[in-house]
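Student: Spelled out, the chains give:
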Amino acid sequence: MPNPVLSAEGLIRMEGDLRTLNGLDVSLSRGRVLAVMGSNGAGKTTLLYVVAGLLSYQAGSLWRRGSRIPKENAPDPGVALLSHQSFLYSHLSLGENLIFYGRLYQVPDVSERARWAAHRVGLNWAIHDLVGTFSRGMRQRAGLARLLMQDAWLWLLDEPETGLDDEGRRCLEGLIHEQRDRGTAVLVTTHWLDEAMRLADALAVLKAGRFLWWSQDRSHWPMMARRHLGGREDHA
Amino acid sequence: MHKFWAMVSKDLLLEARQKDLWLVMLAFALLDLFLAAFSFGSMARSAAPGILWMAFLYAGMLSIGRGFTRESDDGTLLGISLAPGGRWPVFWAKLAGAFLALLAMEGILVPLYLVLFGLGLDRLSVAFLAVLVLGAVGVASVGILMAAISMNIGGHDAVMPVLLMPLLVPVAILSVKASMALWVHQSATFWIRGLGAVDAIFLALPLLAFEYLWEG
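Chains as they are written, first to last, in our numbering: chain A, 1 to 236; chain B, 1001 to 1216.
Here chain A stands alone, though its shape is the one from the complex (with noise of 0.2 Å):
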């Protein structure tokens, strides 16, 4: 595998006394997109976090672009990260948040990047419109575009199919396949192993804060999915 631009060794995250992330190893390399699989609880937010640099770690290493993260972790701007939340204020239209965030990240020409990432997601008719009146599929749409705003070089997507309709679930689509093309690593959480199929060059399973099982041979993923999530791969 060529340089990882992101790489953890035994990776260790105790929250009182459970262990989040439990002994975890990962390596990414630039244009490369890896899914993570795993059950409600089994620890991929918390990856994605410490990853971000918004949570500390216990134990192990992470190197971010060749750079070795102390335990107490800060965030990396180069992170571009999909959470639950949109990050975006319900007050503001989408235009407005979207310049927010632009000017945060120092983009230039910030109007007219907003109106693209707008128009790239599909909402550049709703940019005047206030973010608190979005349907969920909306406001995920909108956190995409958000994403779009920086130039990043890591984009860390938690389950970022939640309420997309087909025509979102494309443009997700269209997007990471685009990212990865300009050379953007992605990591992506999902429940579905055919998003995992279609987007990801890699698949791992996360069970109780490690990885059980990963590989990047797709014929290998159905079988492996069934064994360790219980048939997961049978939903659409």
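In case anyone wonders, no lab produced these hints; they're calculated from the structure.
Every residue gets a Cβ at the ideal spot worked out from N, C-alpha and C, and that includes glycine.
Be aware that one or more of the hints could be misleading.
Computed spacing ranges between beta-carbons, pair by pair [claimed, not checked]:
(1) E167(A) - A1200(B): 52 to 60 Å
(2) L1030(B) - P70(A): 50 to 58 Å
(3) H91(A) - L1208(B): 37 to 45 Å
(4) H177(A) - G1075(B): 41 to 49 Å
(5) G1107(B) - S67(A): 43 to 51 Å
(6) L18(A) - L1207(B): 51 to 59 Å
(7) V1162(B) - H177(A): 24 to 32 Å
(8) L1116(B) - E167(A): 55 to 63 Å
(9) V1162(B) - S67(A): 38 to 46 Å
(10) G1075(B) - L18(A): 19 to 27 Å
(11) I1173(B) - A208(A): 55 to 63 Å
(12) H91(A) - I1173(B): 31 to 39 Å
(13) A208(A) - L1207(B): 35 to 43 Å
Which stretches of chain A does chain B cover? Using the computed rule of at least three CB atoms under 8 Å from a CB of chain B, they are [unchecked claim]:
(14) 77–86
(15) 93–103
Got chain A sorted already, so can you dock chain B onto it with the hints?
Tutor: Just chain B, lined up with the frame of chain A:
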């Protein structure tokens, strides 16, 4: 600085958009004025500084926590945490936003009170304006600290005044004493210096505790 300015302009836009609380604060201030005027009668003039600062402090307590609770409610703190520039611009922006909101409130309330209490606008001396600014700094700095403490607590709207009120007592006393002295043309240097010292303490406290509070 880009993060600070982006946060301040965004917060001011949100304040301007959500006018409901400003209407509540104005209604409260007017109610305070009329009740005081009826209760104190001819003594109302001498009680005017206390009435003014009471209205100002209560209105401030209603508004000052909103900067952080809005971030907490919309889940946006994580989003702005990831952006370049670290956490301190967020703190300074919240403090600046609260300070500007309090100054705006003073800009509305003070002339209104001076006219309605028959004190005349000539009471707006440089020294009195300094008291208003120092009072706003004190309320904003301690208010932002308490807002950061209470933002992750359930029922933070109820908790906030309980936490804030005891800490505002020194600011309230010094501001009232300084205003009273100035309005009867006496020296207020002692009270203004005291207010400045209390402001310095309340500005230092968040500087020491903010990172810890954010982690918590």
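Student: Confirm or reject each hint.
Tutor: Hints and how they fare:
1. E167(A) - A1200(B): 52 to 60 Å: holds (57 Å)
2. L1030(B) - P70(A): 50 to 58 Å: holds (55 Å)
3. H91(A) - L1208(B): 37 to 45 Å: Cβ of H91(A) to Cβ of L1208(B): about 32 Å, so the range 37 to 45 Å is violated.
4. H177(A) - G1075(B): 41 to 49 Å: Cβ of H177(A) to Cβ of G1075(B): about 28 Å, so the range 41 to 49 Å is violated.
5. G1107(B) - S67(A): 43 to 51 Å: Hint holds: Cβ distance 49 Å, inside 43 to 51 Å.
6. L18(A) - L1207(B): 51 to 59 Å: The hinted range 51 to 59 Å is violated for L18(A) and L1207(B), with Cβ atoms some 34 Å apart.
7. V1162(B) - H177(A): 24 to 32 Å: Once the Cβ atoms are compared, 53 Å apart, the range 24 to 32 Å for H177(A) and V1162(B) is violated.
8. L1116(B) - E167(A): 55 to 63 Å: With Cβ atoms ~60 Å apart, the hint holds.
9. V1162(B) - S67(A): 38 to 46 Å: Given a distance of about 44 Å, which is inside 38 to 46 Å, the answer is holds.
10. G1075(B) - L18(A): 19 to 27 Å: holds (23 Å)
11. I1173(B) - A208(A): 55 to 63 Å: Because 57 Å falls inside the window, the suggested range holds.
12. H91(A) - I1173(B): 31 to 39 Å: holds (36 Å)
13. A208(A) - L1207(B): 35 to 43 Å: Given range 35 to 43 Å: holds, Cβ gap about 41 Å.
14. 77–86: As far as the segment 77–86 of chain A goes, the hint holds, because 7 residues have Cβ atoms under 8 Å from chain B.
15. 93–103: Since three or more residues must qualify, the claim that chain B covers the segment 93–103 of chain A holds, with 4 doing so at under 8 Å.
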